[in-house]
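**Student:** Sequence order for the protein chains is A, B and C. Mapped onto my numbering, the consecutive letters of the first sequence carry residue numbers 1 to 306. Mapped onto my numbering, the consecutive letters of the second sequence carry residue numbers 1001 to 1339. Mapped onto my numbering, the consecutive letters of the third sequence carry residue numbers 2001 to 2331.
Derived by calculation from the structure, the hints in this document are not laboratory data. Model, not experiment: these values are computed from the prediction. Misleading hints may appear alongside valid ones.
[Stated by the list, open to error] Each pair of labels, with its calculated beta carbon distance range:
1) Leu159/A / Gln1159/B: 34 to 44 Å
2) Glu2123/C / Ser1294/B: 34 to 44 Å
3) Ile107/A / Lys2279/C: 45 to 55 Å
4) Leu2070/C / Val286/A: 57 to 67 Å
5) Gly1316/B / Lys2008/C: 28 to 38 Å
6) Gln1159/B / Glu2123/C: 56 to 66 Å
7) Gln1159/B / Arg8/A: 39 to 49 Å
8) Lys2008/C / Thr1188/B: 15 to 25 Å
9) Glu1086/B / Val2270/C: 23 to 33 Å
10) His2159/C / Tyr65/A: 35 to 45 Å
11) Leu2070/C / Thr1188/B: 24 to 34 Å
12) Glu1010/B / Gln2115/C: 25 to 35 Å
[As the list claims (entries may be wrong)] Distance condition first, Cα-Cα at most 27 Å in a straight line; then the derived DSSO-like pairs of lysine-lysine:
13) Lys2012/C / Lys2083/C
14) Lys2204/C / Lys2035/C
15) Lys1077/B / Lys1265/B
16) Lys2133/C / Lys2180/C
17) Lys2205/C / Lys1265/B
18) Lys1207/B / Lys1077/B
19) Lys1265/B / Lys2246/C
20) Lys1265/B / Lys2035/C
21) Lys221/A / Lys1207/B
22) Lys123/A / Lys1068/B
23) Lys1136/B / Lys2083/C
Built from N, CA and C at the ideal position, the CB exists for glycine as well.
Residues per chain are reported as follows:
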Amino acid sequence: MMMFIFRRLIQTIPVVIGVTFVVFFIMQLVPGDPAVLLAGEGASKETVNAIREQLGLNRPLLVQYFDYLLNVFQGDFGTSLKNSQPVLDEIMVRLPITMELAFFSIIITIVLGMAAGIISAVKPYSLTDTSVMLVALLGISLPSFWFGLMMMYFFSVKLQILPVAGWDSILHVILPALTLGAGGAAIVARMTRSSMLEVIRQDYIRTARAKGLREHVIIYKHALRNALIPVITVVGLQFGALLGGTVLVESIFAINGLGRMIVDAIRMRDLPVVQGGVLAASLIFVIVNLFVDVFYRFFNKRIELN
Amino acid sequence: MSEKNSPILEVKGLKTHFFTKHGVSKAVDGIDFTLRKGETLGIVGESGCGKSITSLSILRLIPSPPGKIAGGQVLYKGKDLVTLSEDEMRKIRGNEISMIFQEPMTSLNPVIPVGEQIAEALRLHQGMRKKEAWIKAVEMLRLVGIPSPEKRAKQEPFQLSGGMRQRVMIAMALACTPEVLIADEPTTALDVTIQAQILELIKDLQKKIGMGVIMITHDLGVVSETCDKVAVMYAGNIIEHAPTEKIFTNPKHPYTQGLLNSLPKIHEDQEELQTIEGSVPSPYNLPAGCRFASRCPHQKPLCHLQKPDLIEQNDGVKVRCWMYTDEWTKHTEKEGAVK
Amino acid sequence: MVTAAEKKVLLKVEHLKQYFPVKSDSIFKPKAVVKAVDDISFHLYEGETLSIVGESGCGKSTTGRAILRLDEPTDGNVLYSGKDILSLNNKEMRKLRGDLQVIFQDPFASLNPRQTVKHILNEAMAIQNVVEKPKRMERMLELLGYVGLPQEALDRYPHEFSGGQRQRIGIARALAVDPKLIICDEAVSALDVSIQAQILNLLKKLQNQFQLTFLFISHDLSVVKHISDRVMVMYLGKIVEIADKKNLFDSPLHPYTKALLSSIPVPNPVLKRERVILKGDVPSPINPPSGCRFHTRCPFATEKCKSEEPALRELTENHFVSCHFAEQLSQ
Chain A
1 MMMFIFRRLI QTIPVVIGVT FVVFFIMQLV PGDPAVLLAG EGASKETVNA
51 IREQLGLNRP LLVQYFDYLL NVFQGDFGTS LKNSQPVLDE IMVRLPITME
101 LAFFSIIITI VLGMAAGIIS AVKPYSLTDT SVMLVALLGI SLPSFWFGLM
151 MMYFFSVKLQ ILPVAGWDSI LHVILPALTL GAGGAAIVAR MTRSSMLEVI
201 RQDYIRTARA KGLREHVIIY KHALRNALIP VITVVGLQFG ALLGGTVLVE
251 SIFAINGLGR MIVDAIRMRD LPVVQGGVLA ASLIFVIVNL FVDVFYRFFN
301 KRIELN
Chain B
1001 MSEKNSPILE VKGLKTHFFT KHGVSKAVDG IDFTLRKGET LGIVGESGCG
1051 KSITSLSILR LIPSPPGKIA GGQVLYKGKD LVTLSEDEMR KIRGNEISMI
1101 FQEPMTSLNP VIPVGEQIAE ALRLHQGMRK KEAWIKAVEM LRLVGIPSPE
1151 KRAKQEPFQL SGGMRQRVMI AMALACTPEV LIADEPTTAL DVTIQAQILE
1201 LIKDLQKKIG MGVIMITHDL GVVSETCDKV AVMYAGNIIE HAPTEKIFTN
1251 PKHPYTQGLL NSLPKIHEDQ EELQTIEGSV PSPYNLPAGC RFASRCPHQK
1301 PLCHLQKPDL IEQNDGVKVR CWMYTDEWTK HTEKEGAVK
Chain C
2001 MVTAAEKKVL LKVEHLKQYF PVKSDSIFKP KAVVKAVDDI SFHLYEGETL
2051 SIVGESGCGK STTGRAILRL DEPTDGNVLY SGKDILSLNN KEMRKLRGDL
2101 QVIFQDPFAS LNPRQTVKHI LNEAMAIQNV VEKPKRMERM LELLGYVGLP
2151 QEALDRYPHE FSGGQRQRIG IARALAVDPK LIICDEAVSA LDVSIQAQIL
2201 NLLKKLQNQF QLTFLFISHD LSVVKHISDR VMVMYLGKIV EIADKKNLFD
2251 SPLHPYTKAL LSSIPVPNPV LKRERVILKG DVPSPINPPS GCRFHTRCPF
2301 ATEKCKSEEP ALRELTENHF VSCHFAEQLS Q
């Protein structure tokens, strides 16, 4: 097991480097010349060229990349074009907020999704099952921004029971977390259902019945533990989609997180910030995946050896 | 009748049918037998004869839909298990009537330690507390011959071999000292040398606990070594029911005879094995008369018209065949007369 | 039956080894290996049925697969009619496969569910090119006749047949290419007793009809006794005993063989016999016991058995056993 973790950590290094590579070179494709942007409107050609020299933008791309890579490893994610502050500082302010949002959203995904999945699986092909699965289908199909806006309109504007925007109290968390977590919840619900249905057909469930165990013990103690194993991977993968979703949700609900930082920076052509933000998000994703892999491997080992 | 030999389980006219889109499958269609204290009854037959369904029916473990106990009684301690409520049934399962299954590899929960799988039955049925139940669980593992039981109890099934897993299943089934143990093909999936160990174990424990055992198998060798009485099943019915020795030395029903003849025997030389022509009728489409008639070397028109009853002969053997009835002699006499 | 005078060696297996690597957790720990078959040598005579018996993990199925190169053997020689099979390239091997056929255990899994019987037989013949296209139909009907299947079977799919019938299809497929040697890998184990009898009778009949040689792999000693000329007993990758059928069953020399024979439940309640019930489980083939592999469960094991591996030697005529104390134990 330790060997596996060690190996995975080693594997992460080329992945991280690859991420920086992709981020750097994708930024090069963004239209707009950073030197021109920095120089401002109406700057002379000499000024622009001077700035370009100063920033080292006329060096070969690969050289620029290695320079960038070196900086990143030293903690220098660049400087914002707008306020000349280190990008990393800005990220560190916003990151905890996004993490909170992601955390609550994942909770919604897991709790709502699993509950729905279990309810459906216990009474397959019944009215309950069909309705829950229908709602799940809607959850996957409806665009999250529409869903978020609708909820905001309904609960904040019409009913006035939840705040529209901001991030101060627990009430602020509810709508954004729901919006972000709903799509994942739907996927988890379907996955849980099919996994439970398969587990319930297994021989060891028949043994549990033959022992005279009560139905809820059979479902929660015997079946669920086995059924959740594939669901865990799905949840882990959902995290990636979640990170992407923060961009939209933070914008809609005016939350000062990483996603919104990136969106605003794109609009304002503050490329270093965009670059830094995307890099940060990618790194988080890689780390989370590492955890999911180790977690999954831990559970799978028992099943594999069976 | 001494108390030792009093009946503990009486099955009368049990019918279990399955209602599917292909029609009605009469998997078990009228079964009668009695199990006495301390006795081992073997239910033997080939695949599809209904023996496993019989055992599942006793404990009401038939998936319903599409299955249903369509008739008959299962009398245990004066109560009819067929009409008992689900709650009362649960109190009996794993407690007074236990079952062990064929596949030890898949019949234990892969993510729960084996000690816990035994202990939970003890906590539930015997009201033991956590610590008490765990100690007893370890004792049970020791009883079934698992070395270092304290260590093994904390392990999960994948860490144990097939033979050991089957021992765990036995420990689980016997933890609450049941009156009846139903063993559904308990050794079919095991190696022959391990099989011998397990059968020996079941015999030992039966003597210790004094329970009745229903041994379900397709292996006539196993029946010979472990059972006191045998019921041979074919197409949902019992066609012969006799003390073990009589079944082997003097099989009455043509199917039983055919079955014994088709066995390659270790202690005899045979050039060619005898076979039974034809195949088993589908449970969706059973013939009107004797279900074995179309494959029987002695078949007569009478056999196709009406199904014979299970009738007890002078020597205590019950057989379901027209040949052992008065009608047969009348029939053959008639034939003789016509010729 | 083959007499001693006519004995021509069809297959010669020499020091066959089949090791499978096991995934190890650490780069520091040496790679673990499953020694499924660990240096076995035996002959197969033309026209006979040699059975390989043993329990799970003994290596009998692995031996069959290694001979056919379904898994490439780790080491050793397999000589078919004098030719070294293991050194042939793919093209040459393919040509040889027509002579070496196999029938598998699971009649459900070994037939392609999407192919009709006609398709299955046709494919077999086409690959080996034993029969020209125009004559194939005739040959197919002939094959069905040999195995006792009706003509209508040609257009049906495997799922429309019972287990026993599917096994017959498997036999027909093996026969389609005019083989000399057929390896039966637990060919009747998945069948009901009465169907098993039919298939065993069929195999015997076909052997006589076509002068086939069978390598019959099974765990069921009763079946083995019925169909074999000679029997080979394996335990944890090694051969423990080889003998003519009668000798093996009447006077087994190896303690394991004796235990195996006495473990079999016999359908004869009147027969009294001495039962040897082995203690403990079969050891893991990843870490087999030192010396004689059977010493951990042998009721007669001594210090010598723990340290020294016994060689397979001929004790009485044509009766080979690998046990240090076979002479003493047979008294």
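**Student:** For this structure, which hints from the list above don't hold up?
**Tutor:** Hints 1, 4, 5, 6, 7, 8, 9, 10, 12, 14, 15, 20, 21, 23 not satisfied by this model.
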